[in-house]
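Using the hints provided, position chain B relative to the given structure of chain A.
Protein chains in written order, with this note's numbering: chain A, 9 to 120; chain B, 1470 to 1582.
Because the hints were derived from the structure by calculation, they are not lab data. Treat the hints with care, since some could be wrong.
Claimed, not checked - Far from chain A, some chain B residues (derived; all Cβ distances over 12 Å):
{"hint": "1", "residue": "Asp1480"}
{"hint": "2", "residue": "Ile1517"}
{"hint": "3", "residue": "Glu1535"}
{"hint": "4", "residue": "Leu1549"}
{"hint": "5", "residue": "Arg1550"}
{"hint": "6", "residue": "Val1561"}
Unchecked claim - Covered, in the sense of this in silico footprint (three residues per stretch, anywhere, with C-beta under 8 Å from a C-beta of chain B), are these stretches of chain A:
{"hint": "7", "stretch": "50-57"}
{"hint": "8", "stretch": "82-90"}
{"hint": "9", "stretch": "103-109"}
Keep in mind the model is a prediction, meaning the values are calculated, not measured. Beta carbons: idealized from backbone N, C-alpha and C, even for Gly.
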Amino acid sequence: KAGVTQTPRYLIKTRGQQVTLSCSPISGHRSVSWYQQTPGQGLQFLFEYFSETQRNKGNFPGRFSGRQFSNSRSEMNVSTLELGDSALYLCASSLFPTDTQYFGPGTRLTVL
Amino acid sequence: DAKTTQPPSMDCAEGRAANLPCNHSTISGNEYVYWYRQIHSQGPQYIIHGLKNNETNEMASLIITEDRKSSTLILPHATLRDTAVYYCIVRVASTGTASKLTFGTGTRLQVTL
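With the rest of the complex left out, here is chain A (with noise of 0.2 Å):
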């Protein structure tokens, strides 16, 4: 079975740009969760989608959205770019909420 999906794998973009960045989770899994993973704040939870509706969500601005799409495939987006949204962004996705997630390779962002 193959595993969680990110694409892109590489993104360069400039400040005051938006991102826009994709996730195809395990066949059959319905749940995606957001991470984002930076040197100095480590590994953090943005935001959880089940069902096509976001269950949870981190602490990050609203400039920070996602959604998921009926065949559970999610994407996040990231508006107005600074240079301290320069960070691995990482989807796990897991057959229901509660279950065990498993992540994909990430998404590198970086903002110049």
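Leaving out everything else, chain B in the frame of chain A:
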């Protein structure tokens, strides 16, 4: 979710068992202990989890003390490819709202020849 305490770093010789401790003294009765590892700049890899009984799979064993206040992840025969940051996480898995993973700083395991 309960907080965990792990040593920042450990060394292990290749072929020997790596025993990674984790303290979770404030764990609640409905919280599981999860272990993940992250090899440099890759996504975290799930290893194992348990509630109160010891668990074993093809990757590792998880030993949870009877009072559940601490646990040990055991890699029975460490190899160079096991060099990674290991995260111990406690997580509620029986309700619908608190399902996120809260990562600490983990233990950096260095396996050497």
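Now for the hints, and whether the structure bears them out:
1. At roughly 22 Å from the closest C-beta of chain A, the C-beta of Asp1480(B) stays outside 12 Å, upholding its exclusion from the interface.
2. Non-interface status of Ile1517(B) relative to chain A is broken: a Cβ of that chain comes within 12 Å, the nearest being about 10 Å off.
3. For Glu1535(B), the requirement that its beta carbon stay farther than 12 Å from each beta carbon of chain A is met, with the minimum near 24 Å.
4. Under the 12 Å C-beta cut-off, the non-interface status given to Leu1549(B) relative to chain A holds; the minimum distance is some 21 Å.
5. In this structure Arg1550(B) is separated from chain A by more than 12 Å, as the shortest Cβ-Cβ distance comes to about 17 Å.
6. Once the 12 Å rule is applied to beta carbons, Val1561(B) is inconsistent with being away from chain A; the minimum gap is 8 Å.
7. With a threshold of 8 Å between beta carbons, the proposed coverage of the stretch 50-57 of chain A by chain B holds, since 5 of its residues qualify and at least three are required.
8. Under a criterion of three residues with beta carbons nearer than 8 Å to beta carbons of chain B, the stated coverage of the stretch 82-90 of chain A fails, only 0 such residues being counted.
9. Residues of the stretch 103-109 of chain A with a Cβ under 8 Å from some Cβ of chain B number 5, which satisfies the need for three, so the listed coverage holds.
Comparing the model with each numbered hint stated earlier shows that hints 2, 6, 8 do not hold.
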